[in-house]
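Undergrad: Once you have looked at the hints, place chains E, V and R with the ligands on chain D.
Chains as they are written, first to last, in the working numbering: chain D, 340 to 726; chain E, 340 to 726; chain V, 340 to 726; chain R, 340 to 726.
Just to be clear, a hint being listed does not mean it is correct.
Said to hold, decoys possible - Here are the simulated PhoX-like cross-link-like pairs (lysine-lysine), alpha carbons at most 20 angstroms apart as the crow flies: (1) D/647 <-> E/647; (2) E/602 <-> R/679; (3) V/602 <-> D/679; (4) V/647 <-> R/679.
To be verified - Distance windows between CB atoms, simulated: (5) R/570 <-> V/595: 37 to 45 angstroms; (6) D/570 <-> E/692: 22 to 30 angstroms; (7) E/600 <-> V/463: 40 to 48 angstroms.
Quick caveat, the hints were computed from the structure, so don't treat them as lab data. Note that CB positions come from ideal geometry on N, CA and C, so glycine has one too.
Okay, here's what each chain looks like letter by letter:
Number of protein chains: 4
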Amino acid sequence: PGKTTQVRAVCMTAPGKTEMRTYPYPKMDHDSAIVKVDMSGICGTDRHIFKGEATELRGKSIYPYIGGHEVIATIEEIGDNAARVMDYDGQVLKPGDRVAIAVEVNCGECWYCRNQYNNKTCENQLQAYGLHPNADVAPHVRGGFGEYMFLRPRTHLFKIPETMATDVAVFVEEMAVAFHALARASVPFAPVNEGFGPGMSVAVLGNGPLGILHGVMARIQGAGLSIATDLSDLRLGIAKGLYADVTINAAKVDVEERIQRVKDMTEGVGPDLVIESAGEPEAFVEALRMVRKGGTVIEVGNWVDLGKTVPLDVMRHINSKNLHIHSVFHCGTNWRPVLKVLEQQSDRYDFTSLITHRFSLDELVKDFGLVTDFDKCCKIEVVPHKK
Amino acid sequence: PGKTTQVRAVCMTAPGKTEMRTYPYPKMDHDSAIVKVDMSGICGTDRHIFKGEATELRGKSIYPYIGGHEVIATIEEIGDNAARVMDYDGQVLKPGDRVAIAVEVNCGECWYCRNQYNNKTCENQLQAYGLHPNADVAPHVRGGFGEYMFLRPRTHLFKIPETMATDVAVFVEEMAVAFHALARASVPFAPVNEGFGPGMSVAVLGNGPLGILHGVMARIQGAGLSIATDLSDLRLGIAKGLYADVTINAAKVDVEERIQRVKDMTEGVGPDLVIESAGEPEAFVEALRMVRKGGTVIEVGNWVDLGKTVPLDVMRHINSKNLHIHSVFHCGTNWRPVLKVLEQQSDRYDFTSLITHRFSLDELVKDFGLVTDFDKCCKIEVVPHKK
Amino acid sequence: PGKTTQVRAVCMTAPGKTEMRTYPYPKMDHDSAIVKVDMSGICGTDRHIFKGEATELRGKSIYPYIGGHEVIATIEEIGDNAARVMDYDGQVLKPGDRVAIAVEVNCGECWYCRNQYNNKTCENQLQAYGLHPNADVAPHVRGGFGEYMFLRPRTHLFKIPETMATDVAVFVEEMAVAFHALARASVPFAPVNEGFGPGMSVAVLGNGPLGILHGVMARIQGAGLSIATDLSDLRLGIAKGLYADVTINAAKVDVEERIQRVKDMTEGVGPDLVIESAGEPEAFVEALRMVRKGGTVIEVGNWVDLGKTVPLDVMRHINSKNLHIHSVFHCGTNWRPVLKVLEQQSDRYDFTSLITHRFSLDELVKDFGLVTDFDKCCKIEVVPHKK
Amino acid sequence: PGKTTQVRAVCMTAPGKTEMRTYPYPKMDHDSAIVKVDMSGICGTDRHIFKGEATELRGKSIYPYIGGHEVIATIEEIGDNAARVMDYDGQVLKPGDRVAIAVEVNCGECWYCRNQYNNKTCENQLQAYGLHPNADVAPHVRGGFGEYMFLRPRTHLFKIPETMATDVAVFVEEMAVAFHALARASVPFAPVNEGFGPGMSVAVLGNGPLGILHGVMARIQGAGLSIATDLSDLRLGIAKGLYADVTINAAKVDVEERIQRVKDMTEGVGPDLVIESAGEPEAFVEALRMVRKGGTVIEVGNWVDLGKTVPLDVMRHINSKNLHIHSVFHCGTNWRPVLKVLEQQSDRYDFTSLITHRFSLDELVKDFGLVTDFDKCCKIEVVPHKK
Ligand SMILES: [Zn+2]
Ligand SMILES: [Zn+2]
Ligand SMILES: [Zn+2]
Ligand SMILES: [Zn+2]
Ligand SMILES: [Zn+2]
Ligand SMILES: [Zn+2]
Ligand SMILES: [Zn+2]
Ligand SMILES: [Zn+2]
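So that you can see chain D by itself, here it is in the shape it has in the complex (with noise of 0.2 angstroms):
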């Protein structure tokens, strides 16, 4: 068979509107990778992009653009500085090695990256897979929505454990979010009763696949009693089954009585912990009022900036609860101990149980929109070389 010269993906023209392109086959140097494809999950940004929300990033519009930043796939070819470099972690990388991609090219020079912050937040970002710069700039093929992706110099690889499941290894990007955010929220000494430790109460707000795997990555670390709230009785079925001892759903009790229930499970108190992971401002402050007094929450829902506000009493949401506020809009760069933690705890959860659906490229052009319907769907993946 003849090698490879054009590489299908899903394009994304304007919001809502998808077709099938073909962009050619990249070209490769010594310092450069090209990928297949094994795997990629749509997240919630994907979504706020399908629907226009979020038109632009570093100031350029995002369309056309090929999506999908949740990527495993496996090494067709890499550059032979590349193969010494671009595992994170020093490993030395070859044709047929399957690896997670870091998402974002950062600049290496402004004060984030000259300090060496781990929780990386670059002022100068180079380039984000499935992101920017969109599909119109060569080599065009960044997103994991298509067959083969092109991967530039200073891209960072982490090589997936021969015996770990693809459709497990393909939660690392989420996952690390959450073992960054508990990390964040966690504190050495118990007896102060403060931060996130064994048996302490959880409840999680907004239950999509990073909420869910908030809540189970609090369970894998002791948490107690666990709550999930969500518009959606599908995801919440999948909580509960992952990890949940109680659900409510949102679009039937309102703000007030679910406060109150939680409260009354919680001794009169409520829970030690609120995450928010709704991607609703006023999700923010509903955490602020559920949380105990000396609790904490973590704020890892509100990705993308709608330009919305919400009015906070600062008195009372913030400073007369004692609270600590740890808020997560990163990953980390700890996916090596994560992919450890997902490798030993998925006999115990069935991570594949966030998986709703499985699309090829032909599925995904035309049921892209299907990932704003949370009562249908909660993780869906792409498989470009779905047979």
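TA: Relative to chain D, chains E, V and R with the ligands alone:
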């Protein structure tokens, strides 16, 4: 000389209205104590009560009100049981001992009390010295703005080391807030460049006594570049004398310019730690905007519920900045180590430079309103037995 | 039926010599309580006392000795004052309540007591249930190896949740040690790869009940690969059932080989965390040698001063390994969260599988020596009112 | 003036034997650099090498040896690749820049390197400046006790701020050890009275430069009562000038008396933190005995394997004291924040008071042995181009 039978105290009968009142010297029992007030600071909460911005507490009118909850006093009489249990650290007390008085008398039965929660926020606080119940309720004399105070059972005292000056010890309550706040903001491992640690830059927004003491406490723990903002040049001058490298008068420099100037001083990214102690909801948002990504915000300014809200862009101000936010509404119970720190550091930091006025009760009744004029005072200490 | 006037208890009169004795049922007062013993574990300390390796405590002979300091009991009578203050968390107690008994009654006056030191190591301990003073001293019945116990003033109790099985609750004291130990070993930020956190590998040297419970507690908090070593196949089997992925019988595999095997399982470097609970000084050095550089060692095995030393190469074993070592000699006072963890996790971990024997007092007096035979028992529970 | 062709360096050919040698000025390439040495401290390790107590490293003879691993130097020439990557924090370097040189050049491939372990203890260290390989191996000039040094690829540099004095910057390596050690010993929540925090008492056993810098770093972070012990009155005097409240000459006061005196100064219990930097195994046991129960020990003294052991009573010295022990064998990679701390604190602490001698190369070759006489020197700095 005959035994004291009357106690003079400054009583506020309505917002802004003060008068000298005389109450009967209280009766003793086995579990109580009577102390002679040596010195008592006027706090921002007293200012709010004077201005009529906090007229109720625990659902009852705060007037008639004998203020003063930052009190150093000398034991006049102490019951035999009280002598054994009132000292928080288990020391036996006797007449003549100088003590600091914990503001709150907690229920011992609510969830927070039952969970040994150090950062006490009792649900059913029985009493708070200098705050509630009001002065109509016998035995009336519960505030530091009077000659004597009656200490009820379950009060916690902290014995003052003999060699320690009263006008240093009197800062123990506010310094305990700062100690507690910075302990919450510290993390043990510097490599991650998160939390507060030595060498890090700090901005303190609002430099009343509490703000200044936070700046000093940060400096004691190795803070690097320290920036103070306030509306009063008098207070900024004291901040400069005690800890600040740079001061900005917020009455003369608008918020955008303040944020920009602070960024320019901090390698272009903003301070590692911003302490909001201005007590305006807007200052909380200013803190969120000013702090660098991945930095820490301490919110310790809003102690009185003014019913005001501020519009918050959760994604821009919180999420996307990967912050740690710690709110503090309490002085905790670590007064013993705090007294140690005050004593050790008093040759390096002139705590008494905070005190701009020392009022007798007669002076206080006349001039209570001075507390609202930030250009004329910083800390006002009331000295009931001033000669 | 008439009121109880006599209390049967198993008394050890000299190393290895046990007999059934009868003591008068104690007299009550306002500040004390009398409890009926439901269940009481035999601990390694009891074994040392049986073997004559710990014949004195606080400078006095430990014999005649009524052991049993891991006690769940039901309140028979309780003084009115005691009813209000004996529960550590402030709950009011009444006859019929099931409680766990804190082992130690501390002085309240020494430095450690005065400094609210949670990890209590009182300098002048007044009493320790099941340990001192000896049974000649009235009111005699202070150990769990008898039908009733007298609880003196200043004792701390922890009320057992009603739905919780006694044979799970009985592990609260040892589990509190593990909770405490792991809290000390945890650090909040994973990026530095130090301290204990989810996914990390753990080796437990010595798998008596305390060692096994440490392994379980680590697993509850997300431990990765878990390795158990012990001399007894019986105990290794229980460890395997509860938490261990791999077991090594140290009677069959010498120390060099053990260290090598463990290294081979842990990417060639050694475990992230080694818990030494074997109780031999040599095992501490084995732990230091086994752990990876930068790892953590918990030393929780040596509770009895056998007067033995071990040669330590400070540079090789400690310095050059960049270790964190945490020693634990106490169960702390966090029994309330520990009871919560035990209850929450009892459907996932069969704590009762630790119990190999349930002895009546008659069986105990006959077979106390079984506790020295690690091949035949793991946890022996004494059930004084066993039918 | 013609280009330099010869480099003079002080070479040790056997224990105690030093001579001036001349090596060819090294050749440059794209990935390397050549620096002119400004100042280079003599460290305890150099003293051990002089005394013949450390004759091998990584399995090879350390002689002929050009020492000096605490180096501040000015870039003479730098390869184009090196200019972009040698600065640890990503700054571009050019000739004329002053830099501190990270001692170690690590493999990048072993477990520790692959796991981004900050506290690097590489298994296959490629080179250590001033230590190995020996001076026979071209390009020979790798130590600070010479006029120039060749910096090989993979070396990490830290650019010195322009306004910072060289004789302050030169302490960055040792101060980084102290920064690292205290970060490990700190815990975020003071209520538990564990770990190091402001107000706590500290004893430093062994007050060579490294010990003194630990005392200073503790003081910078708010240490309370500070006690120094050493055999040399000269060094104790410098400690007193920089941080110590109390000094004890261990040559005149025996160990029992030292422990008792320190206890008497610390409310009868011992210091909260003891830092062992004397470098004798016995001092580690002294630290364990001296520290209060529940306290913290930093073991940072034993850097060279003298093959000595000390008898340790695990139960008495470690277990029963509920300790935290942190061992430190590395300076970590946090030199950037440490340079900041040095700069900020240099007006409060006169770091140059540590320097008792500034040797030219000619003086060094003659007087190297002075380093063994603690009564005559504290820090000796070598200034190769001294006029
Ligand atoms: Zn995403
Ligand atoms: Zn950058
Ligand atoms: Zn106040
Ligand atoms: Zn309460
Ligand atoms: Zn025991
Ligand atoms: Zn005590
Ligand atoms: Zn050195
Ligand atoms: Zn290495």
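Undergrad: Determine for every hint whether it applies to the structure shown.
TA: Here is what the structure says about each hint:
1. D/647 <-> E/647: 19 angstroms, holds
2. E/602 <-> R/679: 17 angstroms, holds
3. V/602 <-> D/679: 17 angstroms, holds
4. V/647 <-> R/679: 48 angstroms, violated
5. R/570 <-> V/595: 37 to 45 angstroms: Taking Cβ atoms as reference, residue 570 of chain R and residue 595 of chain V lie about 39 angstroms apart, which means the hint holds.
6. D/570 <-> E/692: 22 to 30 angstroms: Distance hint for residue 570 of chain D, residue 692 of chain E is violated at roughly 57 angstroms.
7. E/600 <-> V/463: 40 to 48 angstroms: 58 angstroms, violated
Comparing the model with each numbered hint stated earlier shows that hints 4, 6, 7 do not hold.
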